Every structure is written in C-alpha cells, then in structure tokens.
Amino acid sequence: MTFLRKNISLHPRLAAGLDLFLGLIFLWWVVRLNAWWMLLLWAVFRVGIWAILIRLVYFSSKIKRWSHFCSLVLFSAGSLMLLIFVEWSIIWDMVGAAFVAFSALSFWFLPTKEAELSFEFKLYRRWRFLLSVFGLMGIVSGFFALRTFQLFYGVNNFLWTISSAFICALVAWWWWREYGIEFSRRLFIYIGVIFLLMLQLIGVITFWPLGYLVNGLLIIWWWYVLWLLIRFHLSKEGIVWKKQYWFLATNFLAILLFLLLVVRWK
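Residue numbers (this note's numbering): 16 to 281.
Wrong hints could be hidden among the right ones.
Derived lysine-lysine pairs resembling DSS-like cross-links, with alpha carbons at most 27 Å apart [claimed, not checked]:
1. Lys-137 with Lys-257
2. Lys-251 with Lys-137
3. Lys-137 with Lys-258
4. Lys-251 with Lys-79
5. Lys-79 with Lys-128
6. Lys-137 with Lys-77
7. Lys-137 with Lys-79
8. Lys-128 with Lys-77
9. Lys-77 with Lys-251
In case anyone wonders, no lab produced these hints; they're calculated from the structure.
In this text the structure is predicted, and so the values were computed from the model without any measurement.
With the hints as constraints, model all of the structure from the sequences given.
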C-alpha cells in the first residue's frame, strides 16, 4: 500500500467518479441482502474500498484522511439502516440516491491543490458534517426500528436508548474537535450534558405515537440545535444571542409545523 501511495495519486474528481460507480454497485447489492452474513460482507467490502480509495486519493496536508474515512463509515452505517428499515418506496429511492451521490461528492469537494486559507476547506468540511449528521440520523432511526421490531431477543429497550445517546455524544465531541474546540474540562462537561439531554429526549419521544424514521429525524434535529449552540458557547467568541434568537425561533416553528402538518400520528 505504501508503494501504491507513493506512485499513484488519484485526482479527487476521478475518485468521485469511481465512488459514484461503486456506489451504484453497492446499492444494487443491498436489495439482495437476505442473511446476516451477506450484510456483514457488504459492510466489509464497502468500508474496505473506501479505505483503499482514501489511501490513494490526493489530500491536502491540512486534511486528515482518517476524518474523511470516519465520516464515510458513519454515513454508510446510517444509510444501510435506512435502506433496510424504510418502508415507503419514495423515501427509499431518496435514501438510495443520497447513498450513491453524497459520498462521491465528499471526494469531489476535496481541494485539488495544497490549500492554506481556512475558507478553502469550508465546503468540504460542511459536506462531511452533513454526511455525519445523515449517518447519525440513520443509526438512531435504526435503533428505534430494532427496538420496535424486537429483532434482538433479550436486549433491554433501555440499552437501545443509552446506545443512541452515547453515539450522539460521541459524534458531538468529534465534530466539536473538528471545528477547533480544544480539549478542556468544559468540553468534557458538555459531552456529559449532551449525553444526558439526548438520553432524556430519546426516552421521552419513545412514548410518542410516531414512526421510527420520524423519531430519528426529530432527535437529530434537536441534537443539531444543541450541538451548534454549545459549539458557539465553547468558542472564543461565545454565543451572539441576537443571531441565535432567530435561529432558535425558526427551528422551533419548523419543528412545530413538521409535527402538525407533515407527520402522520398513529
């Protein structure tokens, strides 16, 4: 692999095209999964190909390859859960299209030359964040589905709740670090805070008469609002409340309209 890396450097645009083609193959394969060992094989091949592709593609020295890889793994895990459990054909098609296109775009948005200024990384970093949030939503929705269908006999429902809250806290910590929040006592306190808040939110929404896809979407919507506010709070500039009042009001109204006009209550 070291030899290949020294002698081969794939252009990010070429890597995007290859990933798009491979994504179509894996999407075709996923509809044929009918056993747990096939699911495991699918995951190993998908992650392995990404590992090779990331190893060979050109990365600016300021970009961490492992961060890109982790974003893709999280995105793949969430997408797979959605593709397995989503029942509406139109939603399945949308998730399938996202599964094929989103990871390819993460390579497309890579800087094609050595970048020095921070704004040159903004689009790429924001897209990786979108991949991570999408994957997190899929994983939490999948945990709700596993809990609903009781596919793992003997697993306590609280285990699914605490697992979802732990993953939410872990991803929050990772992306606070990606946005430059330094290690500190405050950071670890807020990791605990978001874990406890997610634990309570997930525990409460479990009793709502909603489907697992909507549950996952709402949890991650609230997670994002909390993550962003805490990120600003932990930054050197702090929270500019004049801007955040509008942000909070807009999200509150959007969630309310979503629950009243879009969601089908059981």
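Hints and how they fare:
Of the supplied pair hints, the one linking Lys-137 and Lys-257 holds, its CA atoms being roughly 24 Å apart against a limit of 27 Å. Distance hint between Lys-251 and Lys-137 is fulfilled; the C-alpha atoms sit about 19 Å from each other, no more than 27 Å. Only pairs whose Cα atoms come within 27 Å are accepted, and Lys-137 paired with Lys-258 is accepted, the gap being roughly 20 Å. Distance hint between Lys-251 and Lys-79 is fulfilled; the C-alpha atoms sit about 24 Å from each other, no more than 27 Å.
The suggested pairing of Lys-79 with Lys-128 holds, with an alpha-carbon distance near 15 Å, which does not exceed 27 Å. At roughly 12 Å between alpha-carbon atoms, Lys-137 and Lys-77 fall within 27 Å of each other, so this suggested pair holds. A distance of roughly 14 Å separates the Cα atoms of Lys-137 and Lys-79; the hinted pair therefore holds under the 27 Å criterion. Only pairs whose Cα atoms come within 27 Å are accepted, and Lys-128 paired with Lys-77 is accepted, the gap being roughly 11 Å.
For the hint linking Lys-77 to Lys-251, the alpha-carbon distance of about 22 Å falls within 27 Å, and the restraint holds.
Of the numbered hints listed earlier, not one is contradicted by the structure.
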